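Chemist: Position chain D against the provided structure of chain P, taking the given hints into account.
Number of protein chains: 2
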Amino acid sequence: MAGVDYLAFERIKAQFDVNELKIVWAGSREEFELSDRISRLVANDPVFRKDDRASLDRKELFKNTLRKAAYAWKKIIELRLTEQEANKLRTFVDQPAFTDLHWGMFVPAIKGQGTDEQQAKWLPLANKMQIIGCYAQTELGHGSNVQGLETTATFDPQTDEFVIHSPTLTSSKWWPGGLGKISTHAIVYARLITDGQDQGVHGFIVQLRSLDDHLPLSGITVGDIGMKFGNAAYNSMDNGVLSFDHVRIPRNQMLMRVSQVTREGKYVQSSVPRQLIYGTMVYVRQAIVADASTALSRAVCIATRYSAVRRQFGSQNGGLETQVIDYKTQQARLFPLLASAYAFRFVSEWLKWLYTDVTQRLQANDFSTLPEAHACTAGLKSLTTTATADGIEECRKLCGGHGYLTSSGLPELFAVYVPACTYEGDNTVLLLQVARHLVKTISQLGSGKKPVGTTAYLARVEQLLQYQSDVTRAEDWLKPNVVIEAFEARAARMNVAVAQNLSKFTNPEEGFQELSADLVEAAAAHCQLIVVSKFIEKLQQDIPGKGVKQQLQALCSIYALFLLHKHLGDFLSTGCINQKQGSLANELLRSLYSQVRPNAIALVDAFNHSDHLLGSTLGRYDGNVYPKLYEEAWKDPLNDSVVPDGFHQYVQPILRQQLRNARL
Amino acid sequence: MAGVDYLAFERIKAQFDVNELKIVWAGSREEFELSDRISRLVANDPVFRKDDRASLDRKELFKNTLRKAAYAWKKIIELRLTEQEANKLRTFVDQPAFTDLHWGMFVPAIKGQGTDEQQAKWLPLANKMQIIGCYAQTELGHGSNVQGLETTATFDPQTDEFVIHSPTLTSSKWWPGGLGKISTHAIVYARLITDGQDQGVHGFIVQLRSLDDHLPLSGITVGDIGMKFGNAAYNSMDNGVLSFDHVRIPRNQMLMRVSQVTREGKYVQSSVPRQLIYGTMVYVRQAIVADASTALSRAVCIATRYSAVRRQFGSQNGGLETQVIDYKTQQARLFPLLASAYAFRFVSEWLKWLYTDVTQRLQANDFSTLPEAHACTAGLKSLTTTATADGIEECRKLCGGHGYLTSSGLPELFAVYVPACTYEGDNTVLLLQVARHLVKTISQLGSGKKPVGTTAYLARVEQLLQYQSDVTRAEDWLKPNVVIEAFEARAARMNVAVAQNLSKFTNPEEGFQELSADLVEAAAAHCQLIVVSKFIEKLQQDIPGKGVKQQLQALCSIYALFLLHKHLGDFLSTGCINQKQGSLANELLRSLYSQVRPNAIALVDAFNHSDHLLGSTLGRYDGNVYPKLYEEAWKDPLNDSVVPDGFHQYVQPILRQQLRNARL
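Sequences listed follow chains P and D, in order. In this text, residue positions in the first sequence follow my numbering: the first is 581, and each later residue adds one. In this text, residue positions in the second sequence follow my numbering: the first is 581, and each later residue adds one.
No lab work stands behind these hints: they were computed from the structure. Predicted model, so just to flag it, every value in this text is computed and none were measured. Among these hints, one or two may not hold up.
Identical copies carry no separate label here, and so any pair may be met within one copy or between two of them.
Unchecked claim - In silico SDA-like links for lysine to any residue, alpha-carbon gap of 25 Å or less:
no.: 1; residue 1: Lys-654; residue 2: Gln-1238
no.: 2; residue 1: Lys-1146; residue 2: Leu-797
no.: 3; residue 1: Lys-977; residue 2: Met-861
no.: 4; residue 1: Lys-1084; residue 2: Leu-1168
no.: 5; residue 1: Lys-654; residue 2: Val-1223
no.: 6; residue 1: Lys-708; residue 2: Ser-1083
The following block holds chain P by itself, in its conformation from the complex (with noise of 0.2 Å):
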């Protein structure tokens, strides 16, 4: 790596200062230090390379995996890694195993509902990975509707366990991580039936393999669902199918922190309140909104570099050509994503702390931010990680043609991205959630609710319906409340107006069906007003570096006036701006894109994502693009003969005209 740094003139040329970025950026310098030891830790070992994985059929993918996970772990007990450093470690192997579901579900959620008798039992044996476990809550006949899952635990009195069993081949398991080839164990969500009744659904940790020969046990029918969207991607792990033919297990196997099925069959409800679960919901959100930040962050630092090193038309006189990044078309489609790659950052900083709020709320009996909390949460994955899938797959078209080659590492970074759009609560569906809590809150304000947290400033409604913009000058937009302002009158238009609509039906959830689509904007345009004023909130805070802050401004701009120019639509129609301030805006973002352009190397430099979490040919950090593109080319197992295999057989024949009695 002792080479020549082909972008160094870009890195001279930044107004600010990179190595405070990198702390802001982390969260802070513990967060940093410990981010860059581990990510250096796993680039530097030649068992953690990914840049073979690409030409590695099924199976040799799947055992280098293993094989991959079985390292980690090691290095894990022989280096005494903490938790986090755990985690940050199988995070930058960037490999999805089985492993990831044992420590992201199903620990947590033994954790979030088992008794304290049951995690005494199964969190030291998960903890230690003598059993392994993975999460079975998804059919194949059914996701969104948890409550239409159709597999039943029947409880048996007589021998005082549970049958769980797949009535219908819809009720398979289907797409669980880990489950098809791995697992020894599941958390199995099924609907609990005592005494005949239908209890709804529950979860109960089943055992599915044997810890002797890892053979299924009686019952259990279980395997791989088969191959999924791109080369490697998350073909590296064995979602499952699974089915049961009235498999036994003990009543304390249902997970009975909130329920309970006493020894006589008797469903109960314990004293601890059902809303803890949804404490977990929040976490889990949260996570996903900072994976979109990094996910998004490795596209657009790789579209970055590569922009700079690419050079397209424009020579003068037979001399160099111009660096596509200084091309507006360019700089128009990647900044924004620059900027909201920030922008999710910091959303996600700030769900963090939300997360410690509820939680702390919970443990004191104050359920009164849920609602709000739930919705948020959902708004705020359904956003960050449409925009993220979209920004990845549109960096990769800003790469050209080369970005089509899986060694510049948008392809699998989108196939491995994408389902994020789709597990945890199908974008839509949660947009329709969201949507459902602003709808309630706007028709509780007459009755004097106070509208809390994100939806806060529904409460000023009035005043917002009258909202008008002041915008006389481009330079106008750079102030945080115009922009605020703005955003607020606009969501606020927009839900009130569905409401009114709404209020027209006689049937309330008929409406609901038929102004869906309009719902769904409208809680869209909610959700990116948080992210906004989450943005700006966090520039409000102190912010040490010399010119980070001024940076930072120049994006959540940029952020903010890009998604105004993208829903120009939203803010006409509702009236909060018009057509003269919506041309200022688009004026002003012109001219931050130049202000930003010297910056963005070093602005992408500032995620400190290491060449091997990056596994481009494109992004590599010292921008030796094509001699890299060169020698990748040749490790195609093609190349390994000069002739290829085939070549006697099919292709012969026909040169010699030979065809006719070629045996095909």
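Modeler: Okay, now just chain D, sitting in the frame of chain P:
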């Protein structure tokens, strides 16, 4: 296949004659019959099966592709298929192969750019595939900017040869399909140097590999460039890298129809006008637009059928859940794509006519419509390929989690389709070409130069600048002229506005660069107008078949009003319509969705896609989705054994706490 039709209940709802619409979609009865016949021929032949592709490794996939190509060619010869039939057959085989470039680029380049003698020599060889050719234009460092290519072809008068040479790493040819492992010959684009003078980029026929042993000839380095996006997708193609070390070819292998190098090394232009080359470009792009409609229709067909099978939420009293297709949010995302598939079909049909028209004019030395035709095809290529790539991915998301499985057919369709956004002109670069043409057209309006073809409306620019929509009721938006005028006024105003802004710059090129993001938006508005107009023109023709025209009218309105809603900011900010009219359009859209709903399945049946072509567990004609998904899963190589390879080595030591001594 003699099974139950699980979508029969949907098919009987259709309010039109689906067989008649099949013919409209195909273009004519003959086209329909041809496609139907060849499609069945491919679908019924086990050699052409493609359900096993995703799990093949690169070498296996490539060998499988060679086999299919040979087998297809054998069939073509045995059945004495016409050129048209042969092309159809290759299309329905649906696996990118070296033959695509041989027939689609190599042969046409010789026909278009070769002299009569060159054609007489090379075409018989190529037509019998005694040689196999590819098209080597792009280089590692040069794509969009053809004039920036670095490869040189220096005439050596001593030997009457050209010396083909790659002076730098970045001058390596990079991307040409069929080049990597198979082609024996290539059309190589290189800078012609005669007598020390650079004459610009020209095409040369260069032999790459020996016809005896297929080894690269002396001075030639050639190989495959490695893995690309997707599991199978374009990995069946040997996109290649190629460099020359002073390779000599006879002078008569420069393609000399338009310009020649004489025995003495003089560079001369022939009497054949350069513009003839542009005719080919119109032809190629028309084909790309037609492909866009086909690709989008495949995705829409899969998503529509699955949306009718999939049920989620809304179960009452234990009854069936609601079909996903009945949700307005699903309709609002799916039906505009259904409408787009039809819109792109009809605009591609019109482009076929345009090609004929341009060709006839060129033959009569009439170049007057060429710039407009060139801009128009560039814009339509850009619009339709972008919308199709995004649309396929949207359809995948509309299939929820299961759309992420390769067995859904959608990930591969996306991965194999997206390069269309980049090849044959990057979509943003193309829109800038359109913009340049529009600005020029507008600037010439004063001088009395009459705009032609799709820009003819700009002659009425004064009137369009005055225009205000007179829509007062939602149904007004059903009137074709109301829609056309609004789209014309919007496109005219956006383009006039940006042209005016441009005129403020003293350096026009600087202005063009500074305002390029606005120029792209204005050009896109113009292109959308073209698609809307051509759809409307199609409906002014006689369209037989019960109810067919009504369905197409509904789809046409959906296409136009969906665009209007999506780009509401344009329509409002230019003052073409007011807020109320925008909201009436949205209202009408909702009722059009309800109108399309009962016809949705029949509208996708009309594409007449075979289950083989769709290659989708979710999009099956009979709707028997779940058993098929289940069956496909078990075919994955990971399910070959119950305990996966790697378990004993890498997982058991973890479970048994014996990792410390394990060899990983």
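Chemist: Within, between, both or neither: how does the pair Lys-654, Gln-1238 come out at a Cα-Cα threshold of 25 Å?
Modeler: Between. Shortest inter-copy distance 10 Å satisfies the 25 Å Cα cut-off; intra-copy 58 Å does not.
Chemist: Quick one: Lys-1146 to Leu-797, C-alpha cut-off 25 Å, is that within a copy, between copies, both, or neither?
Modeler: neither (55 Å within a copy, 54 Å between copies)
Chemist: One pair to classify: Lys-654 and Val-1223, alpha carbons no more than 25 Å apart. Within, between, both, or neither?
Modeler: between (43 Å within a copy, 22 Å between copies)
Chemist: At most 25 Å between CA atoms: does that hold for Lys-977 and Met-861 within a copy, between copies, both, or neither?
Modeler: Intra 34 Å, inter 22 Å, cutoff 25 Å: inter-copy only.
Chemist: Which holds for Lys-708 with Ser-1083 at a C-alpha limit of 25 Å: within a copy, between copies, both or neither?
Modeler: neither (56 Å within a copy, 71 Å between copies)
Chemist: When no copy is specified for Lys-1084 and Leu-1168, does a C-alpha distance of 25 Å or less occur within a copy, between copies, both, or neither?
Modeler: between (41 Å within a copy, 17 Å between copies)
The structure is inconsistent with the numbered hints 2 and 6, although it conforms to all the rest.
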